[in-house]
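Student: Keeping their order, the protein sequence lines are chains A and B.
Each residue of the first sequence is one higher than the one before, counting from 24 in my numbering.
Each residue of the second sequence is one higher than the one before, counting from 70 in my numbering.
If you're looking for bench data, these hints aren't it; they were derived computationally from the structure.
Yeah, the Cβ is synthetic: ideal placement off N, Cα and C, and Gly gets one too.
Any given hint could be a false lead.
BS3-like, lysine-lysine: derived pairs with alpha carbons at most 30 Å apart [said to hold, decoys possible]:
| hint | chain 1 | residue 1 | chain 2 | residue 2 |
| --- | --- | --- | --- | --- |
| 1 | A | K233 | A | K333 |
| 2 | A | K39 | B | K206 |
| 3 | A | K47 | A | K414 |
| 4 | A | K145 | A | K115 |
| 5 | A | K414 | A | K145 |
| 6 | A | K426 | B | K206 |
| 7 | A | K93 | B | K206 |
| 8 | B | K206 | A | K47 |
| 9 | A | K338 | A | K233 |
| 10 | A | K426 | A | K47 |
| 11 | A | K341 | A | K145 |
| 12 | A | K426 | A | K93 |
Anything over 12 Å on all C-beta distances counts as not near chain A; from chain B, calculated [unchecked claim]:
| hint | residue |
| --- | --- |
| 13 | G119 |
| 14 | K132 |
| 15 | L133 |
| 16 | F135 |
| 17 | L154 |
| 18 | I178 |
| 19 | S221 |
| 20 | L240 |
| 21 | I263 |
| 22 | S296 |
| 23 | G301 |
| 24 | P339 |
| 25 | L349 |
| 26 | I393 |
| 27 | H407 |
Negatives, chain A to chain B, calculated, CB over 10 Å [to be verified]:
| hint | residue |
| --- | --- |
| 28 | L99 |
| 29 | G207 |
| 30 | I229 |
| 31 | A241 |
| 32 | V306 |
| 33 | A349 |
| 34 | E364 |
| 35 | C378 |
| 36 | V383 |
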Amino acid sequence: MEKFSFLDKTKPTFFKEHQNALYKSLEDKHTTIEELEEDPLGTRMILNMGPQHPATHGVLRLLLELDGEKITRNRLDIGYLHRGIEKIAENKTYQEFMPYTDRMDYLSPYSNNVAMCMAVEKIADIEVPERAQYIRMIGCELARISSHLLFMGATVMDTGAISVFIWTFRERERIYDIFDNFGGHRFTISHSRIGGVHNDLSPLCIDMIKNFTETFPAEVEGWKKLLNRNRIFYDRNNGVGTISREDAIKIGLTGPNIRATGVPLDLRKVNPYMQYDKVDFEVPTRLEGDNFARYICRMEEMLESIKIIKQCLDKMPKGQIRTDDAKKAYPSKDEVYYSMEGMIHDFMMTDTGVCPPDGVECYTAIEAPKGELGFYIQSDGTGHPWRMKIKSPSFTNLQGLEKILDGEMIADTVVIIGGVDPVMGESDK
Amino acid sequence: MDSSQIPIVSSYIVMAGALGFLLNSAAITVYAERRVAAFIQNRVGPNRVGPLGLFQPLADVVKLIFKEDVTPAQGNPTLHATAPLIPVITALMTVAVIPFGEGIFVTNINVGVLYILAVASLGVYGVTMAGWASNSKYSLLGGLRAAAQMLSYELPMGMALASVVLFAQSLSMVTMVESQAHFWFIFVNPIGAIIFIVCTFAEANRTPFDLVEAEQELVGGFHTEYSSMKFGMFFLAEYMHVVIGSMLITVFFLGGWHLPFAGYYEHILPEAGTWAKAILDISVFLGKTIFLVFVFIWVRWTIPRFKYNQLMSLGWARLLPLSILNFAVIAFILMVIHTYF
Numbered sequence: 024m025e026k027f028s029f030l031d032k033t034k035p036t037f038f039k040e041h042q043n044a045l046y047k048s049l050e051d052k053h054t055t056i057e058e059l060e061e062d063p064l065g066t067r068m069i070l071n072m073g074p075q076h077p078a079t080h081g082v083l084r085l086l087l088e089l090d091g092e093k094i095t096r097n098r099l100d101i102g103y104l105h106r107g108i109e110k111i112a113e114n115k116t117y118q119e120f121m122p123y124t125d126r127m128d129y130l131s132p133y134s135n136n137v138a139m140c141m142a143v144e145k146i147a148d149i150e151v152p153e154r155a156q157y158i159r160m161i162g163c164e165l166a167r168i169s170s171h172l173l174f175m176g177a178t179v180m181d182t183g184a185i186s187v188f189i190w191t192f193r194e195r196e197r198i199y200d201i202f203d204n205f206g207g208h209r210f211t212i213s214h215s216r217i218g219g220v221h222n223d224l225s226p227l228c229i230d231m232i233k234n235f236t237e238t239f240p241a242e243v244e245g246w247k248k249l250l251n252r253n254r255i256f257y258d259r260n261n262g263v264g265t266i267s268r269e270d271a272i273k274i275g276l277t278g279p280n281i282r283a284t285g286v287p288l289d290l291r292k293v294n295p296y297m298q299y300d301k302v303d304f305e306v307p308t309r310l311e312g313d314n315f316a317r318y319i320c321r322m323e324e325m326l327e328s329i330k331i332i333k334q335c336l337d338k339m340p341k342g343q344i345r346t347d348d349a350k351k352a353y354p355s356k357d358e359v360y361y362s363m364e365g366m367i368h369d370f371m372m373t374d375t376g377v378c379p380p381d382g383v384e385c386y387t388a389i390e391a392p393k394g395e396l397g398f399y400i401q402s403d404g405t406g407h408p409w410r411m412k413i414k415s416p417s418f419t420n421l422q423g424l425e426k427i428l429d430g431e432m433i434a435d436t437v438v439i440i441g442g443v444d445p446v447m448g449e450s451d452k
Numbered sequence: 070m071d072s073s074q075i076p077i078v079s080s081y082i083v084m085a086g087a088l089g090f091l092l093n094s095a096a097i098t099v100y101a102e103r104r105v106a107a108f109i110q111n112r113v114g115p116n117r118v119g120p121l122g123l124f125q126p127l128a129d130v131v132k133l134i135f136k137e138d139v140t141p142a143q144g145n146p147t148l149h150a151t152a153p154l155i156p157v158i159t160a161l162m163t164v165a166v167i168p169f170g171e172g173i174f175v176t177n178i179n180v181g182v183l184y185i186l187a188v189a190s191l192g193v194y195g196v197t198m199a200g201w202a203s204n205s206k207y208s209l210l211g212g213l214r215a216a217a218q219m220l221s222y223e224l225p226m227g228m229a230l231a232s233v234v235l236f237a238q239s240l241s242m243v244t245m246v247e248s249q250a251h252f253w254f255i256f257v258n259p260i261g262a263i264i265f266i267v268c269t270f271a272e273a274n275r276t277p278f279d280l281v282e283a284e285q286e287l288v289g290g291f292h293t294e295y296s297s298m299k300f301g302m303f304f305l306a307e308y309m310h311v312v313i314g315s316m317l318i319t320v321f322f323l324g325g326w327h328l329p330f331a332g333y334y335e336h337i338l339p340e341a342g343t344w345a346k347a348i349l350d351i352s353v354f355l356g357k358t359i360f361l362v363f364v365f366i367w368v369r370w371t372i373p374r375f376k377y378n379q380l381m382s383l384g385w386a387r388l389l390p391l392s393i394l395n396f397a398v399i400a401f402i403l404m405v406i407h408t409y410f
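Turn these sequences into a full structure, and let the hints steer you where they fit.
Tutor: In structure tokens form, the structure reads like this:
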């Protein structure tokens, strides 16, 4: 029985070796300072938060050493949602792998699809028609709004006001309805294809998007009125979870987290991909680097996304939605159903897939809602990657969490986790 | 003691009625909370059990009774079982001195206000004991927060009450209401009223002061390790405290059973001692209470929660000095009025 002591019902513990290693690392942290600090009253308490906890955004686990309500040291333990999808990718053709990317950052599946498709298109040298690029941009921006909406709801709920979370659901529901018309799925949409997108936008879908872009800014204004000058919300977020610009750059935070420290790093501006250089938008930044700055950045980004969507709808040219080279992308269904070659190509695409040249490697990154989402692919000339490495923004952002949490109050933990906005599906992959 | 100080209805009948009302009010408040919350959040709320979902509280209670009653293996079973009783009992004890109408009260003791303060502060023992007996770190933190919070908000609450005692010149709850016939105390002592309302929110552990059970960081706070009807008792107590809190605000600041400025048109109201007057009194009293319960719910679903240190600085650095100042200024003004006019 001793072997299974961590399964003991009355004294449940984590896996022993792992637990010991983690406690050791918490002990070892800041060893130089620790020598001087003695705690004669024994007021320090080690609190385990997660992986089953209502407010750690999934299965994040934190070990906190508390002095009263103050966090003196903390350790982060991630990996509870590890599904090995990088390994799975090696056994799938590129197109087959796409539904797995939906389940990484499950709050913005569209961005993940696009990031992966762009990496494959780069390594296999595939041209994407302009219309498809605009459709992808609309999808990405809608995904960004949906992701930021959840951030907003969750962060306000973490401070104790539950209603806002439900209010954001109504707007997210509208986005999901749009996605339903967009590609046939509400949540895990898998609409993008290597070499383009699956289908063109229907007039109904375009109408829905237009309607959304017109009404959504007013909703944001309403939330701003409720929250921006709300005394309690402001006090709970202002000056909480501050990280300096130097530290943020050193750790490599991405997305709104680094923009909140005053670094205008946005891949859509810095290294424009798709048609982002043809649309006009701002990159909202703040200088404070605290939780409130992160909140403001994301609120502004939602409005910028609406601007981008509006411009995309105006600028979208007529034309193909997928490249016309049957060796590099799925042929259209018309060809598949009515011609011999089309059907053979369709079969070959499903069976073998796109084959990049042997020995080629590439890295492509896009600005996902949570930051830089990169796909690194090494090819061996077959239809599936020899190695695929995913650089997920949540993983990078979580690296900064330990530094941010030190010295804060325990009540701030959940607010800060909400502010950093990790998605464990993406971080643990 | 004039006629109004003597109960017109038997104490036992009032007590039975009041206790029955209070026990049921918790169930009704739970239903109201869920419906109001749904209304605020663009949802429908419970509408399946019975007409308009009115039997939802019954279904909840049945569910709670049939749940497994878990006692933490490493906890203290005796204290763990006793703790949930304390908040319920203290809430029920409060009813003894609340006047519901002219001559409709259980008892009229001449230190009613002190009794209320004493009984109200006993409730914290249940919460602290629950936090300690569960032998869980989350519960312990919740229990400690409760103790600190109750202590800090007792003081401004007491000072706010002292400032109305100056007007009523009595510690009796009945006299307190009697003396509001012309002007409710909220009009003559608005600062005291605000302080008292804030403290009532804190005493009832409601948002924005619900960090005792802060769902987000402490899972469930002191009741993390509670299940079944033991949890049900805490749940019941929370809503009874909301109702009691509303009643106390009504008695101390909103004129109890009096209509606004009733002293000026008393002659057109039914005569004291009649059934019509009793019904009017109780309706007015309940109307005010229901409105305040609605305010409690409304605030809960709109406002975020304080942090521990913010709560402490609000209690000690803002409310306490303000309440003492308010008391001193009112005492001085009253002294001047009594001496020179």
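Student: Can you name, in rising order, the numbers of the hints this structure does not satisfy?
Tutor: none
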